[in-house]
Every structure is written in structure tokens, then in C-alpha cells.
Amino acid sequence: MTTRRVDALPDEHAGPILDLLERVRTAATAPDGDGGAWAAAEAGQVRVRTGYKAARRTLSAGQYAAHTLRLLALAQPEADREPWTDALAHAGEPIGSWDWDVRMQGALDLRRTFKDLPDPLPASVRPARLVAAWLTHAAGTGLVPVTARLASHVLELEPGDDVLAAAWYATHGDRLLAELTANGTPTSGAADVDEAHRRALLRTAVRGLYSAQLLTKVDLAARAGITRRTLDAWIA
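Letter by letter, the sequence shown follows residues 1 to 236 in the numbering used here.
One or more of the hints may lead you astray.
Taking lysine to aspartate or glutamate pairs in the EDC-like style, the calculated list, with each CA pair at most 20 Å apart, reads [to be verified]:
| no. | residue 1 | residue 2 |
| --- | --- | --- |
| 1 | 53 | 93 |
| 2 | 53 | 7 |
| 3 | 217 | 93 |
The hints are simulated quantities; they were obtained by calculation from the structure and are not laboratory data. Here the structure is a predicted model, which means the values were calculated and not measured.
Build out the structure end to end from the sequences listed, making use of the hints.
As C-alpha cells, then:
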């Protein structure tokens with residue numbers, strides 16, 4: 001039985017994908033003494049074949065880029081958003097999914113907002129078009145070039161570290177909460193140093209996931225195993 005050879009990412013695609021990956025990781029640096037929880041959350045990315053090495057990193061970079069564009073769209077005043085920008089602002093579910101049906105529906109929803117526009121298309125359509133093109137792929141070699149184009153656009157925009165960090169939490173935040181609460185939610189007012197440190201880590205994760213703007217406060221508090229009062233105090 002022979003082992004199937006998997007090639008490295010082509011240089012023209014590897015550059016933007018790995019550059020964005022590094023920028024986002026730097027923006028969302030794990031706190032000291034995290035016990036490997038942040039790395040474990042990244043490592044929990046789904047396994048999808050792209051035909052090249054670094055498949056999980058490619059998947060993460062694509063989600064980082066798409067979530068970054070979603071967050072930038074959300075930052076625009078709602079009354080001033082074009083239809084495609086508003087659709088992108090609310091595309092969190094398909095961006096976070098690797099189910100082909102969910103992604104394709106998300107792509108169709110985005111494309112519906114600009115498909116009848118005459119050429120040349122407004123420059124403001126580009127983020128939604130890039131995300132829509134990326135969403136039409138859930139695996140295979142075709143996912144790599146669309147991810148690279150998406151990452152290149154985000155790098156050109158030079159978003160702030162706060163936005164990039166929020167994109168990391170949008171991508172990995174649920175898995176991070178699961179890591180930090182695997183042994184139960186650390187209690188408040190604990191005299192035990194380890195318990196207090198665990199709670200500080202959970203607070204960092206909760207604040208990060210709140211910045212990702214994907215969950216309601218009720219849902220976020222429930223997933224973290226904390227009260228709404230605690231959540232409000234942590235994000236204040």
C-alpha cells in the first residue's frame with residue numbers, strides 16, 4: 001500500500017494565507033499560563049482535505065479573513081450600509097460552518113444582493129464577492145486559491161489588531177470555552193490560586209468571544225457557565 005503524497009501549498013497562495021494566520025495569532029496571543037487551551041482550540045479546527053499540506057491552517061485563515069470582513073461591515077452604521085455590506089455583516093453562521101449546504105446558502109444570500117448590478121461593480125461589493133466565492137468551497141483544491149484571495153484583500157486593508165483578535169475568537173472561541181470549562185466553570189471568590197487563574201483565563205475568553213459579535217449575551221453567558229451579571233461585569 002502506497003502513501004498518498006500531499007504537496008505543500010503553492011507559494012502564490014501560501015504567502016497571504018500564512019501571513020494572515022501569523023498576524024491573527026499575534027493579535028490573539030494566549031495569556032500566560034493558559035495550559036495550552038488556546039493552542040488546543042486552534043488544533044480543534046475541523047479536518048478537511050484541500051489537496052495540500054497545512055489544510056487546517058488554510059481553513060482557519062479563510063475563516064479569519066471572512067470574519068474580519070464581517071466585523072468591518074458590522075462597524076459601519078447600519079443606516080449607511082449597502083445591501084451587500086449588510087448581508088455580509090450578518091453572515092456569521094455560514095462563515096463559521098464547513099457544511100457545504102450551509103456555506104452555499106450563505107454564498108447565494110450574499111450574491112443575491114449584487115448579482116443584478118451593472119458593470120463595473122462598486123468597490124464596496126468586493127468584500128461580499130470574495131466571501132461569497134470562498135463560501136462556495138467546503139473542501140478540495142479549489143478552496144486554496146479563493147482563501148488566498150480573501151486573505152490578500154484583508155492584508156491590504158490592514159485592519160487593527162482588535163479586529164483580527166475578534167476574528168480569532170469568532171473562529172475558535174466556542175472550542176476555547178469548551179477547553180476552559182471542561183472541568184466545570186471556575187467559581188468566583190476562590191481562595192485557590194489555580195482556581196482564580198482559571199477564572200481569569202475564562203474572563204479573557206469570554207471578552208474575546210463577545211468582541212466576535214456572534215452570540216447574544218444570554219447565549220454567551222450560558223456557554224461560559226456564568227451569570228448575566230458576571231458577564232456584564234467582565235465585558236464592561
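Structure-based check of all given hints:
{"no.": "1", "hint": "53 / 93", "in the structure": "violated, 26 Å"}
{"no.": "2", "hint": "53 / 7", "in the structure": "holds, 6 Å"}
{"no.": "3", "hint": "217 / 93", "in the structure": "holds, 17 Å"}
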